[in-house]
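Just need the whole structure built from these sequences, with the hints factored in.
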Amino acid sequence: MAKTSGKKPDKPRKPTAGERAKVASDAHKTIARNMKATHDYFIEDRYEAGLSLTGTEVKALRMGRASLTEAWIEIDRHGEAWLQGAHVPEYLQGTWNNHSPRRKRKLLLHRAEIDRLSQRVQAKGYTIVPLELYFIGGRVKIEIALARGKQDWDKRQSLREAQDKREAARAMSAVNRRQG
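54 is the number that UniProt numbering gives to position 54 of the sequence shown; each next residue is one higher, with no gaps.
Just so you know, the hints here were simulated from the structure itself, not pulled from any lab data.
Don't take every hint at face value.
[Unchecked claim] Keeping only pairs whose Cα atoms sit at most 27 Å apart, straight-line, the calculated DSS-like set for lysine-lysine is: (1) Lys141 x Lys104; (2) Lys124 x Lys155; (3) Lys36 x Lys165; (4) Lys124 x Lys29; (5) Lys59 x Lys141; (6) Lys165 x Lys124; (7) Lys141 x Lys106.
Structure, rendered in structure tokens:
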């Protein structure tokens with residue numbers, strides 16, 4: 001008979017507090033979504049960009065209060081991308097140096113991405129819209145998209161397709177409940 005060493009098999013160790021904090025900080029925490037963007041535009045290309053913010057803006061965003069509904073992205077003649085029209089309310093505990101709620105905020109993108117976006121926006125019917133504002137690892141990021149505007153009939157068709165998809169899913173779940 002083979003003799004065993006009498007040692008217990010190694011148990012997986014528990015993560016330390018620092019490791020748990022790192023996992024939590026890497027999580028994707030959504031601050032705001034632009035729900036109208038998918039209704040009003042065909043989304044073609046998506047990009048992730050950083051935002052240049054002041055301290056009170058970050059604190060206000062940590063409270064989860066922001067609006068991208070009326071926001072848009074503009075590329076100026078110097079080749080810099082700016083977030084316009086986004087509303088980040090003033091930080092309640094801020095002092096005299098609190099930020100302006102609707103100020104324009106600089107987007108942090110690579111030069112090649114800005115050039116590609118600028119080139120496509122020159123084509124008729126294209127624009128750049130913000131889709132989502134979120135935290136990743138303690139940094140504020142924004143998902144932007146190159147988009148083409150929808151006509152009214154496009155919007156009706158999209159709503160019809162979404163309704164058909166919902167009805168099909170509802171019918172499938174009813175069939176699965178009967179069988180199961």
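Hint check results:
| no. | hint | result |
| --- | --- | --- |
| 1 | Lys141 x Lys104 | 15 Å, holds |
| 2 | Lys124 x Lys155 | 19 Å, holds |
| 3 | Lys36 x Lys165 | 20 Å, holds |
| 4 | Lys124 x Lys29 | 35 Å, violated |
| 5 | Lys59 x Lys141 | 14 Å, holds |
| 6 | Lys165 x Lys124 | 31 Å, violated |
| 7 | Lys141 x Lys106 | 12 Å, holds |
Of the numbered hints given earlier, the model fails hints 4, 6; all others are met.
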